[in-house]
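Undergrad: Here is how the chains run, residue by residue.
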Amino acid sequence: MTRKRIVTARINGKEHEFLCAPRQTLLEVLRDVLGLTGTKEGCSNGNCGACTVLLDGRAVDSCLVLAVETEGCRVDTIEGLAATDRLHPLQQAFLEGAALQCGICTPGFLMSAKALLDRNDDPSEEEIRFALAGNLCRCTGYDKIVRAVQATVATTAAGASQGACE
Amino acid sequence: MTTIVNGNELAQSQADAATRPAYKVIGTRPIRHDGVDKVTGRAKYGADVQLTGLLYGATVRSPHAHARIVSIEASQALALPGVRAVITRDDFVDPKHRVEELGEGAVDIAHLSRNVMAREKALYRGHVIAAVAADDVHIAEEAARLVRVEYEPLPPVLSVLDAMRDDAPILLPDLRTQSIAGQRGDKPTNIAKHFRYEKGDVAAGFKRAKIVVERTFDTATVHQGYIEPHNATALWNADGHVTVWTSTQGAFAARDQLGNLLNLPISRIKVVPMEIGGGFGGKIAVYLEPLAAMLSRKSGRPVKLVMDRTSVFEATGPTPASHIRVKIGADADGRITAAEAWLAYEAGAFPGSPINPGCMCVFACYDVPNGRVDGYDVVVNKPRTNAYRAPGATNAAMAAETVIDEICRELGIDPLEFRAKNAAREGTRRVDGPVYSRIGMAETVEAVRNSDHWKTKLEGPHRGRGVASGFWFNAGLQSSATATVSADGRVALVEGSTDIGGSRTGIAMQLAETLGIAAEDVTPTVGDTDGVGYTDVTGGSRVTYATGWAAYEAGQDIKRQLIQRAGLLWDVDPAMVNYEGGCLYGPGDKRITFRELAAKLAKTGGPVIGRGTSTHNKPGGAFATHVVDVDVDPETGKVTIVRYTAAQDVGTAIHPSYVEGQVQGGVVQGIGWALNEEYVYDADGRMRNASFLDYRMPTCFDVPMIEPLLIEVPNPDHPFGVRGVGEVPIVPPPAAIANAIHQAVGVRMRQLPMSPPRLLHEILAAESGNLSPEH
Numbered sequence: 001m002t003r004k005r006i007v008t009a010r011i012n013g014k015e016h017e018f019l020c021a022p023r024q025t026l027l028e029v030l031r032d033v034l035g036l037t038g039t040k041e042g043c044s045n046g047n048c049g050a051c052t053v054l055l056d057g058r059a060v061d062s063c064l065v066l067a068v069e070t071e072g073c074r075v076d077t078i079e080g081l082a083a084t085d086r087l088h089p090l091q092q093a094f095l096e097g098a099a100l101q102c103g104i105c106t107p108g109f110l111m112s113a114k115a116l117l118d119r120n121d122d123p124s125e126e127e128i129r130f131a132l133a134g135n136l137c138r139c140t141g142y143d144k145i146v147r148a149v150q151a152t153v154a155t156t157a158a159g160a161s162q163g164a165c166e
Numbered sequence: 001m002t003t004i005v006n007g008n009e010l011a012q013s014q015a016d017a018a019t020r021p022a023y024k025v026i027g028t029r030p031i032r033h034d035g036v037d038k039v040t041g042r043a044k045y046g047a048d049v050q051l052t053g054l055l056y057g058a059t060v061r062s063p064h065a066h067a068r069i070v071s072i073e074a075s076q077a078l079a080l081p082g083v084r085a086v087i088t089r090d091d092f093v094d095p096k097h098r099v100e101e102l103g104e105g106a107v108d109i110a111h112l113s114r115n116v117m118a119r120e121k122a123l124y125r126g127h128v129i130a131a132v133a134a135d136d137v138h139i140a141e142e143a144a145r146l147v148r149v150e151y152e153p154l155p156p157v158l159s160v161l162d163a164m165r166d167d168a169p170i171l172l173p174d175l176r177t178q179s180i181a182g183q184r185g186d187k188p189t190n191i192a193k194h195f196r197y198e199k200g201d202v203a204a205g206f207k208r209a210k211i212v213v214e215r216t217f218d219t220a221t222v223h224q225g226y227i228e229p230h231n232a233t234a235l236w237n238a239d240g241h242v243t244v245w246t247s248t249q250g251a252f253a254a255r256d257q258l259g260n261l262l263n264l265p266i267s268r269i270k271v272v273p274m275e276i277g278g279g280f281g282g283k284i285a286v287y288l289e290p291l292a293a294m295l296s297r298k299s300g301r302p303v304k305l306v307m308d309r310t311s312v313f314e315a316t317g318p319t320p321a322s323h324i325r326v327k328i329g330a331d332a333d334g335r336i337t338a339a340e341a342w343l344a345y346e347a348g349a350f351p352g353s354p355i356n357p358g359c360m361c362v363f364a365c366y367d368v369p370n371g372r373v374d375g376y377d378v379v380v381n382k383p384r385t386n387a388y389r390a391p392g393a394t395n396a397a398m399a400a401e402t403v404i405d406e407i408c409r410e411l412g413i414d415p416l417e418f419r420a421k422n423a424a425r426e427g428t429r430r431v432d433g434p435v436y437s438r439i440g441m442a443e444t445v446e447a448v449r450n451s452d453h454w455k456t457k458l459e460g461p462h463r464g465r466g467v468a469s470g471f472w473f474n475a476g477l478q479s480s481a482t483a484t485v486s487a488d489g490r491v492a493l494v495e496g497s498t499d500i501g502g503s504r505t506g507i508a509m510q511l512a513e514t515l516g517i518a519a520e521d522v523t524p525t526v527g528d529t530d531g532v533g534y535t536d537v538t539g540g541s542r543v544t545y546a547t548g549w550a551a552y553e554a555g556q557d558i559k560r561q562l563i564q565r566a567g568l569l570w571d572v573d574p575a576m577v578n579y580e581g582g583c584l585y586g587p588g589d590k591r592i593t594f595r596e597l598a599a600k601l602a603k604t605g606g607p608v609i610g611r612g613t614s615t616h617n618k619p620g621g622a623f624a625t626h627v628v629d630v631d632v633d634p635e636t637g638k639v640t641i642v643r644y645t646a647a648q649d650v651g652t653a654i655h656p657s658y659v660e661g662q663v664q665g666g667v668v669q670g671i672g673w674a675l676n677e678e679y680v681y682d683a684d685g686r687m688r689n690a691s692f693l694d695y696r697m698p699t700c701f702d703v704p705m706i707e708p709l710l711i712e713v714p715n716p717d718h719p720f721g722v723r724g725v726g727e728v729p730i731v732p733p734p735a736a737i738a739n740a741i742h743q744a745v746g747v748r749m750r751q752l753p754m755s756p757p758r759l760l761h762e763i764l765a766a767e768s769g770n771l772s773p774e775h
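For the record, the sequence lines run as chains A and B.
Following my numbering, the numbering of the first sequence begins with 1 at its first residue and continues without gaps.
Following my numbering, the numbering of the second sequence begins with 1 at its first residue and continues without gaps.
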């Protein structure tokens, strides 16, 4: 067995020190070591997007990142999206627009959508669909997900999409 | 935009709408009760279960599609540090053949047991040979690789027509064909069952026809594609009680299967249904649950198993590939005179494909005066198929609805006119026997005809528009609910239907409507098998109908008890007390609200608990008519969906957003089935595309907005007019798209999926004049 390493990363705005084996993915460490089970596993080979988190602000499949690679990085997960006292506008829009059915893909979609809105506060439908194409949903047919992102854009003033992640 | 037609444009539906009561809660769009947990990552799904002393499991699976298992040697695996248990076929009892209804398909327990753990033979690639439990998942996976299995490979049978040949290799030596009149064949075979349905005089009907079109079709194996892989965590306690936390469409169905497979009384098993990340019919049969339980028994520790995506594809229950022949005759006016179908569905390694519903659905949208349908359930060396959203109906509709389109072209009749003319109505007898009650097939055709989509001209080269209709039965079965009134005037609802798409809110809304309180004042919970009464699976589009009815009964029970309490409080005869709109009224101007009375329960006799069950079995059939515009790239054969409108009779839309969601989701699954999804097998029976990269489900970049037209023709046999809505939306898309492709580029597709290489092949063949005789 390879020896475990100590890794320090800024997870949801707080510095965390954790122990992990070199072969453990960020997904496994988030779920099994840190207890952050909001990030979901759908395929473990980067095809479904259920495990999407933000790594230094960029949406990545956490199943394709080794945990040791996150040394010194910022990692934002679904658990950090809402502020203490209120949901992120995307979360609120998903609820009001019924943009989820079974809910297993929802955390990944929210993180991908956040990454999109962080860099583009007025995306077209085409840009939304392109940005979310790495996330599979089998329940909704995507209609209400795209509309929820559009609703977020429409109802949040400039700056509101910054959210509570940091 | 979504339009709720509410029957406004239709005389018959106007009558229905006029009698519809004014609802306060039903038809509104409250935020679902489990919503916040699901958008914050707090909701607990099966893979999120954590227990003290938890072990992790891994499975050993057959690399062969068909092989005799000569020997299994696990000593090396057991010697690996951290390994706590290994199980093989030696750990399972051999149950006798006994068929159990699972709610959306039946299963022979002997076959189920052999599907969960291979015995003499591996019957498909991915069939479980052994399972391991260890301190962590990496050790378990390493140990699984150390289990030595000796195989003697056998020739695989990989298509339904090959399997039906007299000289085909036999999968199950004791299988005999069960034929029409219940007779059992006398020689080994791969044909498990032959169904036949007949109505009228088919030969005379075809004789009367002006046009007869007969075509054959092949459809590929497709998977439900839920994003959450199967998982199970089990604890076999020292007192012999077993608890299983799992992702299932039916906690009770899982419990009953486990009782059979583990040879335990069901009262010793508790199944705790965790939140479930999609099912669509594929999470009814058990796979990992019995393995986790046996590993726990052997190790004395709780054990968690999570399936990898490859195994989900290779070894759970996709929906069958099929070979179908359909022949339909019509007179000069475009009235169907006779119809005939021959369907053979691949059951996979064990009998039980949805061939029977396929037979019953194939002509179900129409008033067919003379009909005959033959169906065959056939085993092949692929995973044992299971239900997938309207199981069996989509394959059949692809055939029947494209033959109808050809008839319409030949006769020069508008396809909606043809469907309106031949639509099944109240009183129509289906070919397989049943007579319809009030249904909305004709209304869905009319809604499409009146839609903006249909009225907007389609322009541009290589573009085409297609329509198709579809039917699904819906199911009733058994459901239970209890509702406890709390002192603050809210109600805690416990119901037995695992919630895949927001159903707990639809059920809570029916209780709220019954009691005259707000949807937010009901807190719904999905119970485990020790916490709520028996409830059948979340399947058959039955939950909002049946479990909603159980919640309605629980509400009625609460009302009866509150009337008693008010009588006591006011010292009047309870017969003088009325309950209306969340208020109780007594003689004079006595009045007390639900909330005020709830606060007085402790002093008027203690807690009030309502209970309700439903065994009602008239869920009302579901009908849908879809219209789609496609754009075909003639250089590549790629089809782009430009616009899609889906009209459906939804009975009463309890929570319209989630009804629209069912329609939109079903349509997009149907688009995937139509254009890309298929199991690609090599000659040895290896699936070559067992990943989400290569098994190509639609992404959000592949589809447009899906416009649902909800037509409300209330089901006369439900207190709120509910009909099942979840399954039928997947039925019309492949046929509608095939019909649109024909209009766009002039070729008829009779194979699913209509993937770019297949369509390009047909386009090139048509261009070179090398048409198959059927074109």
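If you are wondering where the hints come from, they were derived from the structure by calculation, not from laboratory data.
Even for Gly, the Cβ is constructed at its ideal location relative to N, Cα and C.
It cannot be assumed that every hint is accurate.
[Claimed, not checked] Residues of chain B clear of chain A, computed beta-carbon distances all greater than 10 angstroms: (1) 174; (2) 186; (3) 228; (4) 308.
[To be verified] Part of the chain A face toward chain B, derived, beta carbon under 10 angstroms: (5) 6; (6) 16; (7) 19; (8) 32; (9) 73; (10) 106; (11) 137; (12) 155.
[Claimed, not checked] What the simulated footprint calls covered on chain A by chain B, stretch by stretch (three residues with Cβ under 8 angstroms from a Cβ of chain B suffice, anywhere in the stretch; the number is not a length): (13) 52 to 62; (14) 91 to 104; (15) 144 to 151.
Undergrad: Decide, hint by hint, whether the structure agrees.
TA: Hint-by-hint comparison with the structure:
no. : hint       : in the structure
1   : 174        : holds, 37 angstroms
2   : 186        : holds, 44 angstroms
3   : 228        : violated, 4 angstroms
4   : 308        : violated, 7 angstroms
5   : 6          : violated, 19 angstroms
6   : 16         : violated, 17 angstroms
7   : 19         : violated, 13 angstroms
8   : 32         : holds, 8 angstroms
9   : 73         : violated, 20 angstroms
10  : 106        : holds, 6 angstroms
11  : 137        : holds, 7 angstroms
12  : 155        : violated, 15 angstroms
13  : 52 to 62   : violated (count 0)
14  : 91 to 104  : holds (count 11)
15  : 144 to 151 : holds (count 4)
Comparing the model with each numbered hint stated earlier shows that hints 3, 4, 5, 6, 7, 9, 12 and 13 do not hold.
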